[in-house]
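With chain A fixed as given, assemble chain B onto it according to the hints.
Residue numbers (the working numbering), protein chains in the order written: chain A, 1 to 132; chain B, 1 to 175.
Zero decoy hints are in this set.
Here are the computed lysine-lysine pairs in the DSS-like style, where the Cα-Cα straight-line distance is at most 25 Å:
#  : chain 1 : residue 1 : chain 2 : residue 2
1  : A       : 67        : B       : 69
2  : B       : 141       : B       : 130
3  : A       : 31        : A       : 63
4  : A       : 67        : B       : 65
5  : B       : 130       : A       : 63
6  : B       : 130       : A       : 65
7  : B       : 141       : B       : 65
8  : A       : 65        : B       : 141
9  : A       : 63        : B       : 65
10 : A       : 65        : B       : 65
Calculated directly from the structure, the hints in this document are not laboratory data.
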Amino acid sequence: MNVLREKTWSPYVAGVLAGLLLVLSVFLTGKYFGASTTFVRAAGFVEQAVAPDKVAGMEYFIKEKVKVDWQFMFVVGVLFGALVSSWLSREKRAVPVPRMWEERFGPYRSRRWIAAFLGGIVVMFGARLADG
Amino acid sequence: MNELIIGAVTGIIFGFCMQKAQVIRYDRQLGALRFQDMTIVKFMLTTILVAMVGIYFLFDLGFVKLSIKPLILGGNVLGGLIFGIGWGIVGYCPATAMGALGEGRYDAAFGLAGMILGAGIYAEFYPLLKGTVLTWGNFGKVTLPTALGINHWLVIVILGIAFVLLFRWFEKNGL
Numbered sequence: 001m002n003v004l005r006e007k008t009w010s011p012y013v014a015g016v017l018a019g020l021l022l023v024l025s026v027f028l029t030g031k032y033f034g035a036s037t038t039f040v041r042a043a044g045f046v047e048q049a050v051a052p053d054k055v056a057g058m059e060y061f062i063k064e065k066v067k068v069d070w071q072f073m074f075v076v077g078v079l080f081g082a083l084v085s086s087w088l089s090r091e092k093r094a095v096p097v098p099r100m101w102e103e104r105f106g107p108y109r110s111r112r113w114i115a116a117f118l119g120g121i122v123v124m125f126g127a128r129l130a131d132g
Numbered sequence: 001m002n003e004l005i006i007g008a009v010t011g012i013i014f015g016f017c018m019q020k021a022q023v024i025r026y027d028r029q030l031g032a033l034r035f036q037d038m039t040i041v042k043f044m045l046t047t048i049l050v051a052m053v054g055i056y057f058l059f060d061l062g063f064v065k066l067s068i069k070p071l072i073l074g075g076n077v078l079g080g081l082i083f084g085i086g087w088g089i090v091g092y093c094p095a096t097a098m099g100a101l102g103e104g105r106y107d108a109a110f111g112l113a114g115m116i117l118g119a120g121i122y123a124e125f126y127p128l129l130k131g132t133v134l135t136w137g138n139f140g141k142v143t144l145p146t147a148l149g150i151n152h153w154l155v156i157v158i159l160g161i162a163f164v165l166l167f168r169w170f171e172k173n174g175l
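If we strip away everything but chain A, and leave its shape as in the complex, we get (with noise of 0.2 Å):
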């Protein structure tokens, strides 16, 4: 399947297929796409290693439920569907420090992978407020 080693599609083309597989997932089983409640779990099963007692005591956790569901399996999956079509299409593996962020703030690692780290703090801390 040649079309599955191409670099790259139109974004319109892979957005029709992503819709049509949104509207099969949701006749199929109700499931609408959604990642950000996926890392409250992850989040609650980390606290669980260390604090079992507090995580079941707390209103969010409770509220989301910690466990691995079709959403959790869906961000998984994510993952290893991007890994496969890249792997696929022989793309340049291993990018530490992306090339705009490069242009404007140097090639350093440390300081890109420091950004990336507080940036995800808060972005999750938004999305979970906005509840998207």
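Same frame as chain A, now just chain B:
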């Protein structure tokens, strides 16, 4: 098939589509935020267009249920602003960070670790936020058609035309 396997398969196909459309790249995400490259917007709006037509069609036939989130201005607006600041720094949203790691952009691993910590911090603040920000401007589960009191197909057609005009404008300007 059980629910977990279906979730994984759906995620794999979705991740595959996102990788092919190159929307899981930092450069594409920042490109959109800097109004230089609208690839991710094209992908998202096309997905929304197809899904809203398909899902409302099945909804009218009684085959599916809608999943409507409440409109809470306090949470949506403040959360959106905070999300935007974080997004501009990390350059990935939650699902695309997973995809980025999958295609070898391992700065995303640090973003993902931050996201898990951010979710944990939010859980700590939730009892406080629930009684304050999350009560501000709560309109409940509304949609554009119910709020405007018009048929959903009218909204879909108007949005569809708006999206297509936007796509034409992107293409004309090489975005």
